[in-house]
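Student: Since the structure of chain V is already known, use the hints to place chain E on it.
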Amino acid sequence: MAGEKEIRSKIASVKNMQKITSAMEKVAASKIRKAQIQMEASRPYAERIRRVIGHLSHANPDYKHPYLTEREVKRVGYIIISTDRGLCGGLNVNLFKQVIGEMAKWQEQNVQVDLALVGAKAVQFFRRIGGNVLGSATHLGDKPAINDLLGSIKVMLDAYEEGRIDRLYLVNNEFVSAMSQKPVVTTLLPVSQIDLGDESLQDHWDYIYEPDAGELLDDVLMRYIESQVYRGTVENFASEMAAKMVAMKSATDNAGEIIDNLQLKYNKARQAAITQEISEIVGGAAAVSG
Amino acid sequence: MATINVDIVSAEGEIFSGEARMVYAPAQMGEVGIAPRHAPLLSALNPGEVRIEGTDGKEQGFYITGGMLEVQPHQVTILADTALRGDQLDEAAALAAKQDAEAALKGASGETDLRRAQAELAEAEARFRATQKLKGKR
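Sequence lines, in order, name chains V and E.
Each residue of the first sequence is one higher than the last, beginning at 925 in my numbering.
Each residue of the second sequence is one higher than the last, beginning at 2 in my numbering.
With the rest of the complex left out, here is chain V (with noise of 0.2 Å):
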């Protein structure tokens, strides 16, 4: 059995560990109520800005934008966001399961993937196992903002524009709720019809636009696809924390439990070592009075 003051330093160590893993499960906590604020607060502009483009592609109907336009799928583009740092479970794992599954399945068709990555792991990760990536984006920090993102997405953009790229899809974690979260692939681009339901549109009235409506649908449709990053890096971000919550929790519970066993380890250790002197004493008494 192990000397007492071994287990002794054990304990002492996993309890530091324990707390380490037990104020990083509350730093998640914190920052989970704070990534949802930033969450909602993204909603109102891509609402408004989807209001905007069904009545652009509703008041010139013969402009025919490249972005709104499905053409034949030679060779697609992902733009992966992950997190910047680990500790955060199975989540990572899981999107990049998600990710490679789409891509064996665009290999069996003979199309082409390229990537742009926001955050450390992903680029660790195709780092590892190669990918054409075309741009990359990391470090975003707790506060993602959407001038970090626009480069790699720009990137994209051009690629699709030139026709390098036929499709653009978007993957993130889903922040379902604190306890679960899911990696889902949206399409980005061509942007699927946007369906307004609105009945103002049936009405004759149209806006007057400054400078011309094509112009304009130009820029709003760049920064509906920006602003669509941005809400996947956000709501990415706050599934990170959430995930980091889990984990976090789950480990401060496992060093409790390793905790209590050393526990027990150290107070048989300690409990035999009384009994050995006894009886050594016992032993001595009667040696000597025998």
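These are calculated hints, taken from the structure and not from any lab test.
Hints may contain errors.
The calculated label-pair distances, taken between Cβ atoms and stated as ranges, are [claimed, not checked]:
#, chain 1, residue 1, chain 2, residue 2, range
1, E, Q100, V, D1130, 22 to 32 Å
2, E, G108, V, V1108, 30 to 40 Å
3, E, E60, V, P1135, 51 to 61 Å
4, E, E126, V, S1101, 13 to 23 Å
Keep in mind that this is a model prediction, so the values were computed, not measured.
C-beta atoms are modelled at their ideal positions from N, C-alpha and C, and glycine is treated no differently.
Tutor: Leaving out everything else, chain E in the frame of chain V:
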């Protein structure tokens, strides 16, 4: 007095929401002033100041880096950009993203090794599951 509802939103959050008597915005074709019951208008915005004359007559200013302006008779919506935009700036951002990727993935193959990826993920998943199980057993 008639008022008009104003919302200024950016992708990262709501900036302003409230009633106003008058709104001034830096539209691409020159500054526009919007009073209640303005005709529907859609315009791109230049970087500049959006001024809102509140119901109490006080003016409030917001600096925006560009965006879109949507006007309906009783509703003004400003979709503000969160970053300075422009062809050159966008190009620069795209280039930076490309270089980031090149630097980070230096030496990696352009072909995805799907088999290896699947094997690695399966292993990671198994490891994750094992730790989950461990917890139940003890």
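Student: Does each hint fit the structure? Answer for all of them.
Tutor: We went through each hint and held it up to the structure:
Between Q100 of chain E and D1130 of chain V, the C-beta spacing of about 44 Å breaks the proposed range 22 to 32 Å. Distance hint check: the CB atoms of G108 of chain E and V1108 of chain V are about 32 Å apart, consistent with the given range 30 to 40 Å. Taking the beta carbon of each, E60 of chain E and P1135 of chain V are about 28 Å apart, not inside 51 to 61 Å as hinted. Between E126 of chain E and S1101 of chain V the beta carbons are some 22 Å apart, a value that agrees with the proposed interval 13 to 23 Å.
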